[in-house]
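A.B. asks: Based on the hints, put chain B in the right spot on chain E.
Quick mapping for you: the protein sequence lines, in order, are chains E and B. One point on numbering: in my numbering, the residue at position 94 of the first sequence is 94, and numbering is uninterrupted. For my numbering, count along the second sequence from 1 and bump the result up by 1000.
No lab work stands behind these hints, which were simulated from the structure alone. Among the hints, erroneous ones may be present.
[Stated by the list, open to error] Derived list of chain B stretches under chain E, where covered just means 3 residues or more per stretch with a C-beta under 8 Å from a C-beta of chain E:
| no. | stretch |
| --- | --- |
| 1 | 1206 to 1213 |
| 2 | 1231 to 1237 |
[As the list claims (entries may be wrong)] Below 30 Å or equal to it, Euclidean Cα-Cα: the simulated DSSO-like pairs (lysine-lysine) are:
| no. | chain 1 | residue 1 | chain 2 | residue 2 |
| --- | --- | --- | --- | --- |
| 3 | B | Lys1149 | E | Lys251 |
| 4 | B | Lys1087 | E | Lys205 |
| 5 | B | Lys1145 | E | Lys251 |
| 6 | E | Lys87 | E | Lys149 |
| 7 | E | Lys149 | E | Lys3 |
| 8 | E | Lys249 | B | Lys1145 |
| 9 | E | Lys87 | B | Lys1149 |
Beta carbons are placed, not taken as given, at the ideal position from N, Cα and C, and that holds for glycine.
The primary structure of each chain is shown beneath.
Number of protein chains: 2
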Amino acid sequence: MKKPLILVTNDDGITAPGIRALVDVASQIGEVVVVAPDSPQSGMGHAITVSDPIRLHPAKVFEGIEAFECSGTPVDCVKLAKHVVLKDRVADICISGINHGSNASINIIYSGTLSAAMEASLEGIPSIGFSLLDYSHDANFEAAKPFIKELIEWVLENGMTEGNLLNVNIPNLAREEIKGLKVCRQAEARWVEEFSEAEDPRGQKYYWLTGRFVNKDTGDDTDVVALENGYISVVPSMHDLTHYSAIDKVKDIENISI
Amino acid sequence: MKKPLILVTNDDGITAPGIRALVDVASQIGEVVVVAPDSPQSGMGHAITVSDPIRLHPAKVFEGIEAFECSGTPVDCVKLAKHVVLKDRVADICISGINHGSNASINIIYSGTLSAAMEASLEGIPSIGFSLLDYSHDANFEAAKPFIKELIEWVLENGMTEGNLLNVNIPNLAREEIKGLKVCRQAEARWVEEFSEAEDPRGQKYYWLTGRFVNKDTGDDTDVVALENGYISVVPSMHDLTHYSAIDKVKDIENISI
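Okay, chain E solo, but in the shape it has when bound (with noise of 0.2 Å):
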């Protein structure tokens, strides 16, 4: 049987031992090809660069395994992934990953590892965004490998839901800690900012972003309250924004005239 070809991507940088961790566990399933960013790219939501040239270079970073860093964004690696680097040959799956640190609840909209995944769901390759509950460099992946290959073999077997995306985070305990996964829904949280403010040794003020995380939402049945729990969570997802149930409500706009 043939293997199935594995697109890895991330938005920490080529170099970050997460996405080491998740090309380790790749190999084991398919044929691997890596496109990632050439530094790391957190915070970039679904960034492209549309007004700048960018770079994509072999990387000689992981023993026998294609790879190639991009000057882009998460989302320019994908697309130039599918359209620059495997052209004719089509991808069984994109797992993006493994961040440093949560991408639970509201964290999906400004992170570049889903935004990743996002985008080759939208080219209809099955993706999943894979992170870790800690945002140090020396996080430890290794609790969440065993998981992470059964999930990818999951997907590969069954196939995706028409959303194409799931969104999986993993509790930071050691495996036998790990409870086991948990399909959810994500939570309404948000994050509450400050702004540190300094002034530079010219004198001229600066902000610098900072906030935590608040979680407003009651229920149960979420991604927050499933790590929580010591369980991995994981959100079917999706790239339609229509707020379906409010289409009703303001159909009355239609009735503006001038």
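C.D. replies: Coordinates of chain B only, in the frame set by chain E:
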């Protein structure tokens, strides 16, 4: 009666003609505060600046209007507007645009204009992203203005739906040719990319993103169809990306064990 406080932003930058048109309209309705990027930020999606300081300066761009230019992304602008500029003042509405070019259908996920509006919606502020289907710098916003004014007043009077976000696209037509407003859903369309490949003066290859918009959606209730028929499209939108109907379909993932 107290005049409403209207926060205005965009992604084409504070000197773009589109935001000037929006400020013109807004200042007929209420008190206006502008916080917008100091340079073009198209295609920035929901990017935020996490690894760099952000600058914010008062900008004398609009006569008699409180305005600030910001070195960050459109989403950064909204965060700084709320936490540094407005502080205890609460915006009654946030309007973003008028974007030079369409943000209908899948464009919403790449759009800095809509991401800025979505960020304000997360803060509980009713928000509208406005876009005119003309990419040129010299786009004519006059026909759009009276419709935009009526729509802002409608939202201020009637409130918004739970998602707090409307994606409004305006066909590039003369006023008498615009047939009215249509509440609709996001069309299932995507960009088919090509990359322009070239060599720089040092002989190094680079890539430039290009592509064409392809509508795969056969429904007649979409924003793309409304626009083609001469209507202004209004799509109630939201930040919850959960694919609810898929939750049951992938429930078997919970049976994965290692």
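A.B. asks: Tell me, in ascending order, the numbers of any earlier hints that this structure violates.
C.D. replies: 9
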